[in-house]
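Q: Chains as they are written, first to last, in the working numbering: chain A, 40 to 346; chain B, 874 to 1217.
Treat the hints as calculated values from the structure; they're not laboratory data.
Be careful, since some hints might not be right.
As the list claims (entries may be wrong) - Within a straight-line C-alpha distance of at most 25 Å, the following computed SDA-like cross-link-like pairs (lysine to any residue) qualify:
#1 B:Lys1184 - A:Glu260
#2 B:Lys1209 - A:Asn131
#3 A:Lys263 - B:Leu995
#4 A:Lys157 - A:Leu185
#5 A:Lys263 - B:Tyr1031
#6 B:Lys875 - B:Thr885
#7 B:Lys909 - B:Tyr923
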Amino acid sequence: METDLMALVGVWCAATLRSATPLIFVTLGESLGQRTGIINLGAEGEMLVGALAGFAVATQTDSASLGLLAGALAGGVLSLVHSALVLAARANQIASGLAVMIIGIGLTSYIGRAFVGKKVSSLDNLLPSGGEALAFFGPFLQQTTLAGPLAIAAAAFISWWINNTRSGLHWRSTGESAEVTLSNGINPIRIRFYAITVGGLLAGLGGAILSVDYTQTWAQEMTKGRGLIAVGLVIVAGWRPALVLPVCLFFGFTEAAVFKLQAMGITFSSHLLSTMPYVTVILVLIFAHLRARKSSQMPNDLKAVFQ
Amino acid sequence: MKAWISSVGAPTALTCAAFTLVTAVFFISIGQPAIKTIADMMVFAVGDSYSLSETLVKTIPIMMCALATAIPGRLGLISVGAEGQLHVGAIFGTAVMLVLPESFGLLGLCLVLVAAAIGGTLFGFIPGVLRVRLGINETITTLVMNYIGVLFVSALVYGPWRDPANQGWPATKSFPEDLILPFFFGTRVHAGLVIAIGIAVLLHLQFHRGTWSRQIKVLSGNRKVGETFGLNYAFTALLLMCLGGAVAGLAGIFEASAIQGRLQPGLSAGFGLTGFLVAWLSRHEPLMIVPVSFLVAGLISAGDALQLFAKIPAASSTILQGLLFATALAVPGLIKRYRGRYGN
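For reference, chain B alone in the conformation it holds in the complex (with noise of 0.2 Å):
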């Protein structure tokens, strides 16, 4: 237990302390009274029904980035490609709903997920061989191929897939009902959440224990070490990519079909990104990714909220989640410097 205080409780608390005070001085620079603001912003994120069903409706796609970031790096890979899978993710689902016939059924929304996969999958392949093949660093490769996945969609989307009946709209045709997940209560909150939190338990279970989880463990430890017992460091790293893949082009189905009912620009708003910063911050703990991508969400929500009443630009929960970032990074390392310093 006081171990567990020393190495993680006492630098989460003092990350939580830090953040708050960086974001009381960041209102106070801009001008907004510093103590009200976050008040508000609590209660935006989580204050009545609404807005926490707009929260949950964000945390689906920043858990689904989250985790895609995570699978990849238990291998000690860094991955920020989730924007781009997400994006191509979405191209393959809504290309099996554009040539579907109408009223497939579950059939019909199983293809869709399973062509979003795939479509994630392959934007995880090309990192992940380049990695294992040539030894090209996957991080600038995922980096670079975000854009060309989001400008796959503005291609389609401006071109040979935009629907007419949008008198100019770029945009697809809607998606039909029974192609979309179900939604809970009448709110906007999906069923891309069981799926996203079962997702995180699924592989919670395949972390913690099995061979499966070893390996991994030994590769990511000491990739020699690994190879001397057998274990195929090549084949486990491109899996891990694809599978990463697999889970951020979910989440580019989820919000092309049951948030925007059909694809079009403006797909993801930097969940990619910000999956990555909750992947980093929750240590690539798949169980601990759950509350932090919906503390996130809260955030996100709670910015284009003060948008809307406080006339604050929206922009403000991207500068706050960087210096989330910044913090959490600032605050272990400082932690260490100290205890190095003065003893334990």
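Chain A on its own, in the form it takes in the complex (with noise of 0.2 Å):
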């Protein structure tokens, strides 16, 4: 019976990883991005891009880590209209972020027609069968694959960096003040362009893995809002990469409760279930607010463009 239990405990765990794993890598790459001063709602289209680059290389090599790879760059390359806008000509960061978004939408629903309905294979599960002795672990390693345990590394090794490396604190001091780091000798335009592209390398990753590893196939505007959702997360996670995975996971937990709500064929509506993710982003973002009130971890510089 305590086996069964163990068993039960494993799957759920599993389940939340699994569907918490592209919000970890979009939620870090935004995260990185905002630590320098740079708000980024175009993760969104980037994580569509790099959904669809993801999800076309899958099926056309069949392999899925060249997929993945493919996914992130896709998300990189697109960043790039927002470093140009944002850094270059030094416009508006929301509206440069909404119409990388757009353009992202655009991109997605023109080429991603080909590649509906279109199978793909995911990364290998952990343990492929057997493990049963194994209690928690058999159940919880035949259900995951490498992606989930990678966003952990990610968020472990993000968190590491950028508090405990000399360039990690160029990064932290130029979300807050771009002036005060240019006078030490630091660029911070070419330090917010690395934030921007790995911000863009992240979200597409993120895409990938839903596409490829998470659903295995393709629809429209199948990101569903987690690029803006992350965004709100960063906030939750009081701007610290470490925190961002535990507020995902518990994020990735009620995706997987709606999931199972569903699939025991729940008389409930449907439609209101999936309200779910955004009612709960929002009922966060009020907890987070109540408990912080005043934002003071919040990046100086990111206050000029986002209070």
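Mind assembling these two chains? They're in different frames, but the hints should get you there.
A: As structure tokens, then:
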């Protein structure tokens, strides 16, 4: 009986991690950008092009990992638009992000029609079969691919890097004050360019994991606002990459729960159930703001564009 | 005059030129003859009375959503929630239609419109109150609430509001004729066009003369200064968010009743986001929004016609909207940099 319970917990943990993984990558990328003083609503568009490019390459090459690579690159390429508008033309960041989002939606609806209905094989599960004796770990590993552990590792690495290295310090100081950073001989524009590009790569990777490894299909606007939710979750996580992980896992848990309820054939409206992630993000934003009242952790330069 | 040319005229002209170039490059890259396709688009947008009327039909919701964005925009609030407000407005208006007895006449129509405005207001109020009470950024909440509004419509028309007479099609029963705004000359262009332009003129007057306009100007420039003079930022912000929501809510009931005839999925072809683009291009000036929304509506209906006649997917007009936005953001900034570098 106890092993059954452990197995059930394992299955739930696997489902939670799997649905949280795309969000973890996008939110990590967004939090890096915001730490340098850049908000990027284009993450939604970058995620979409990543999802489509990843899916397209994975179906053509039969290789999920090549797909993930292509997705990351596509997200990085689209992020160049945000860099050009915000850094070169000094455009409003929020407007620029929305422009990138619209371009991403348009491009993927245009090109994606050819890929609707196609199938793709995901990354291999960590444990092909067996392992029933392992209680929790057996079912967990059977339903987990490399993407999940990779997301956890990425969160740990980014958190360590931004807090403990010299280059991480440069990124943080750029977000607090680009002027002071510049007077210390570091070019904040270059750092922001790196941050937007890395954010684009991570958003694209998250999108590719969503289409190739999680849903294993392509559908128009399949990210359903995950890129926008990520922008909100960065605030909930207090701009700390380490906290991105639990916040996204909580989110993944609610999504997995909704999915399980729907699979159980619950009679409740599936459309109302689908509002759960959006209602949840607003509720956690309220909770985070009630707790903090003043967003003291917000990077100082970000306050100018984003209050 | 000279100042106007260098601050507004030149950037606008250069933006148009750059966008034409970008459009040409886009068509070449998808293997279409650039100049011919652009010429076709102009014909499809305004070339004959039918195209013109279809463009005007799309102008109405785009103009309303742009005004809905511009109203809080005057205070520096960036609301992207017109899409959700449009859907909730349509829900509230349809709810009144469903409970009203047959043939209720003009009063019924007014009730439907007021209900729609209230629905939109509600979806403007929530992000507004979160903004002023807790300091939660309104851009994120409005963007996220758009998805909620769309899903509410689906939940209703797939659920309790589905009319069994539709043979499974998820839609409510049709709007009776007396609850629909009148149409012009047998086209699909309805009186919502007059209402939208009326709202634009009214807002122009409100935003350019009188005490209120000065209060908004002071508060949008510097909130602290305004509050020292006894102005209430929170109240003004909340009021503008609600007003914006009401205008978008009206757009929703116009679409449901006059254009689609019933509440059903696919109520809006991304009008909320397009409206945001138009508001931004018009610098939140209500009178600028009128012509700009017409131009962008032309772009979209030309995109629809291209799909029909040239087999170019309609998504191309979404791409072009994004490129237009990017161009309009890039050109003024680059001009400013260029001037900064080389003197005036």
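Q: It remains to establish, for every hint, whether it holds in the given structure.
A: To see whether the hints hold, each was checked on the structure:
{"no.": "1", "hint": "B:Lys1184 - A:Glu260", "in the structure": "22 Å, holds"}
{"no.": "2", "hint": "B:Lys1209 - A:Asn131", "in the structure": "14 Å, holds"}
{"no.": "3", "hint": "A:Lys263 - B:Leu995", "in the structure": "23 Å, holds"}
{"no.": "4", "hint": "A:Lys157 - A:Leu185", "in the structure": "23 Å, holds"}
{"no.": "5", "hint": "A:Lys263 - B:Tyr1031", "in the structure": "19 Å, holds"}
{"no.": "6", "hint": "B:Lys875 - B:Thr885", "in the structure": "14 Å, holds"}
{"no.": "7", "hint": "B:Lys909 - B:Tyr923", "in the structure": "21 Å, holds"}
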